[in-house]
Structure formats: structure tokens, C-alpha cells
Amino acid sequence: MTSAFINRLKVFRAERDWTQADLAERLGVSRQTIQALEKGRYDPSLPLAFRISRLFGRPIEAIFIA
Amino acid sequence: MNTEIITVGAAAARNKKTMDDLTVGLCALTVVGVSATAATPFWPEAWGRAPSIGVVVLAAGLAVFLALHTLYWWRALDEAAREAHKWAWWWGGNLGLVAGGAAVVIAALAGVNLLPAALPHTDAALIALGVAAVFAAQAVGYGIAWCGWWIARR
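First to last, the sequence lines map onto chains Y and P.
Read in this note's numbering, the first sequence has 3 at position 3, and its numbers run on one by one without any break.
Convert by adding 66 to the 1-based position in the second sequence; the result is the number in this note's numbering.
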């Protein structure tokens with residue numbers, strides 16, 4: 001069930017002092033989805049990964065590390 | 067970046083407004099359904115007594131309403147929520163179907179009287195019971211699988 005990737009979503013979110021709900025609203029997804037993403041139990045689709053990348057102003061490979 | 071955030075929010079708001087409009091439409095349709103009592107014209111005699119126009123309009127409107135409501139509900143879900151439903155539909159629904167079907171067949175072969183005493187013991191009633199039992203088992207399987215998907219990702 002755990003993803004093959006490590007992600008730094010929680011780190012980037014904490015840097016901005018956002019709650020999971022804040023991030024969910026900005027990405028247009030539910031808070032449960034953010035929780036699953038942060039715990040590495042759900043891999044986002046490519047469009048969502050790009051939205052995350054744009055939101056944090058970082059390349060995808062800086063957020064999702066293989 | 068901000069434009070995209072606004073777009074996501076605006077799309078969700080538009081979706082909600084459409085669903086609200088649909089609900090208002092259904093309420094209007096219900097009024098028509100209850101008040102239009104004239105028999106439906108051009109109803110084939112072979113199909114028995116013609117229902118009222120209101121009932122036909124209401125049934126057709128309800129079918130369209132449910133289809134559209136489902137479409138907008140699905141569009142409002144995010145990708146993880148859709149994935150949970152798809153996974154639950156396949157695994158929960160299919161395993162429920164198999165388990166429910168097997169339970170009905172085993173019970174029938176064992177001579178268990180599945181039909182309640184109040185119902186007529188006809189072939190049609192037995193078939194209806196089988197369909198209802200399998201549908202219920204699918205729904206239970208779906209619910210369990212859906213919960214399991216989200217619990218595993220908490």
C-alpha cells in the first residue's frame with residue numbers, strides 16, 4: 001500500500017504554515033487525499049503532481065523522490 | 067498559480083449550482099407528476115391500463131435527474147475519491163456478487179425456504195429474491211471495500 005516514492009509535501013506545506021485543509025483547498029482535492037499523499041499511501045496522477053509542483057514553485061522531482 | 071486555484075474553486079461552485087438547479091427542477095417535476103392526472107395518450111392496449119401523464123413525466127424526469135446528478139457528483143469528486151469508488155466497485159462489488167450468489171444457491175440447494183411466508187411462492191418471486199439478495203450482497207461488498215480503501219490510506 002505504501003508508495004514507491006518519498007515525498008516532501010508535508011515539509012513544503014509546513015514551510016508555508018498551511019494546514020492540510022489549506023493545501024487541499026488550493027489543490028481542489030479533499031483533506032483525506034492530502035493525508036493519503038503525505039503518508040505516501042497514494043500516488044497522485046501526473047496532472048495533480050504538476051498542480052502540486054506549480055503551487056510550491058518547485059520541480060516535481062524536488063517534491064517526489066524515487 | 068493563483069488563476070489555477072480560482073479555476074478549481076469556480077468549477078466546484080459551478081458544479082454545486084448545477085446540482086442545486088437540478089434539485090429545484092425535480093421539485094417542479096414532482097408537482098407536475100402529482101397534478102397531471104389525465105391518462106397517457108397513445109398507450110398500447112397490450113401494455114394494460116395507461117398510467118397518468120404525470121406519472122410518466124415524473125418517471126422519465128427522475129431517470130434524467132438521477133443520471134445528471136450522478137454525473138455532476140462524479141465530476142465533483144477528486145481523483146483519490148474516484149479511485150476509491152472504482153476500486154470498491156470492482157473488488158467489493160464482484161466479491162459481493164460471488165459471495166451473495168453462492169450463498170443463495172447453497173441455501174436453495176440445502177432446501178432452506180428463502181421466501182417470507184407472506185409472499186407467494188412462485189418462480190417469479192424466487193427470481194426476484196435472488197436478484198435482490200445478490201444486489202444487497204454487492205452493495206455490502208462495495209461499502210466494505212470503500213471503507214477499507216480509505217482506512218488503508220489514513
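It is possible that part of the hints are untrue.
[To be verified] With a Cα cut of at most 25 Å, we get these calculated DMTMM-like pairs of lysine to aspartate or glutamate:
| hint | chain 1 | residue 1 | chain 2 | residue 2 |
| --- | --- | --- | --- | --- |
| 1 | P | K82 | Y | D17 |
| 2 | Y | K10 | P | D87 |
| 3 | Y | K39 | Y | E61 |
| 4 | Y | K10 | P | E111 |
| 5 | P | K152 | P | E111 |
| 6 | P | K152 | P | D189 |
| 7 | Y | K10 | Y | D22 |
| 8 | Y | K39 | P | D87 |
| 9 | Y | K10 | Y | E61 |
| 10 | Y | K39 | Y | E25 |
| 11 | P | K82 | P | E145 |
| 12 | P | K83 | Y | D22 |
| 13 | Y | K39 | Y | D17 |
| 14 | Y | K10 | Y | E38 |
| 15 | P | K83 | Y | E61 |
| 16 | Y | K10 | Y | D43 |
| 17 | P | K82 | P | E149 |
| 18 | P | K152 | Y | E38 |
| 19 | P | K82 | Y | E25 |
| 20 | P | K152 | Y | E25 |
| 21 | Y | K39 | P | E111 |
| 22 | Y | K39 | Y | E15 |
| 23 | P | K83 | P | E145 |
| 24 | Y | K39 | Y | D22 |
| 25 | Y | K10 | P | D86 |
| 26 | Y | K10 | Y | E25 |
| 27 | P | K152 | Y | D43 |
| 28 | Y | K39 | P | D144 |
[As the list claims (entries may be wrong)] Estimated spans, in silico, between C-beta atoms of each pair:
| hint | chain 1 | residue 1 | chain 2 | residue 2 | range |
| --- | --- | --- | --- | --- | --- |
| 29 | Y | R41 | P | A104 | 38 to 46 Å |
| 30 | Y | A4 | P | C213 | 55 to 63 Å |
| 31 | P | T96 | Y | S3 | 42 to 50 Å |
| 32 | Y | A62 | P | N81 | 28 to 36 Å |
| 33 | Y | I6 | P | A194 | 48 to 56 Å |
| 34 | P | N81 | Y | R31 | 52 to 60 Å |
| 35 | Y | S3 | P | R141 | 25 to 33 Å |
| 36 | P | R141 | Y | I6 | 43 to 51 Å |
| 37 | Y | R31 | P | R115 | 25 to 33 Å |
| 38 | P | T103 | Y | D22 | 50 to 58 Å |
Calculated directly from the structure, the hints in this document are not laboratory data.
Just so you know, even glycine gets a beta-carbon here, dropped at the ideal spot from N, CA and C.
Against the structure, the hints come out as follows:
| no. | hint | result |
| --- | --- | --- |
| 1 | K82/P with D17/Y | 29 Å, violated |
| 2 | K10/Y with D87/P | 39 Å, violated |
| 3 | K39/Y with E61/Y | 17 Å, holds |
| 4 | K10/Y with E111/P | 68 Å, violated |
| 5 | K152/P with E111/P | 43 Å, violated |
| 6 | K152/P with D189/P | 35 Å, violated |
| 7 | K10/Y with D22/Y | 12 Å, holds |
| 8 | K39/Y with D87/P | 38 Å, violated |
| 9 | K10/Y with E61/Y | 15 Å, holds |
| 10 | K39/Y with E25/Y | 18 Å, holds |
| 11 | K82/P with E145/P | 18 Å, holds |
| 12 | K83/P with D22/Y | 23 Å, holds |
| 13 | K39/Y with D17/Y | 18 Å, holds |
| 14 | K10/Y with E38/Y | 6 Å, holds |
| 15 | K83/P with E61/Y | 38 Å, violated |
| 16 | K10/Y with D43/Y | 14 Å, holds |
| 17 | K82/P with E149/P | 21 Å, holds |
| 18 | K152/P with E38/Y | 22 Å, holds |
| 19 | K82/P with E25/Y | 16 Å, holds |
| 20 | K152/P with E25/Y | 23 Å, holds |
| 21 | K39/Y with E111/P | 64 Å, violated |
| 22 | K39/Y with E15/Y | 17 Å, holds |
| 23 | K83/P with E145/P | 21 Å, holds |
| 24 | K39/Y with D22/Y | 17 Å, holds |
| 25 | K10/Y with D86/P | 36 Å, violated |
| 26 | K10/Y with E25/Y | 15 Å, holds |
| 27 | K152/P with D43/Y | 16 Å, holds |
| 28 | K39/Y with D144/P | 18 Å, holds |
| 29 | R41/Y with A104/P: 38 to 46 Å | 58 Å, violated |
| 30 | A4/Y with C213/P: 55 to 63 Å | 25 Å, violated |
| 31 | T96/P with S3/Y: 42 to 50 Å | 48 Å, holds |
| 32 | A62/Y with N81/P: 28 to 36 Å | 32 Å, holds |
| 33 | I6/Y with A194/P: 48 to 56 Å | 53 Å, holds |
| 34 | N81/P with R31/Y: 52 to 60 Å | 18 Å, violated |
| 35 | S3/Y with R141/P: 25 to 33 Å | 26 Å, holds |
| 36 | R141/P with I6/Y: 43 to 51 Å | 32 Å, violated |
| 37 | R31/Y with R115/P: 25 to 33 Å | 54 Å, violated |
| 38 | T103/P with D22/Y: 50 to 58 Å | 55 Å, holds |
Hint compliance for this structure: hints 1, 2, 4, 5, 6, 8, 15, 21, 25, 29, 30, 34, 36, 37 are not met, and every other hint is.
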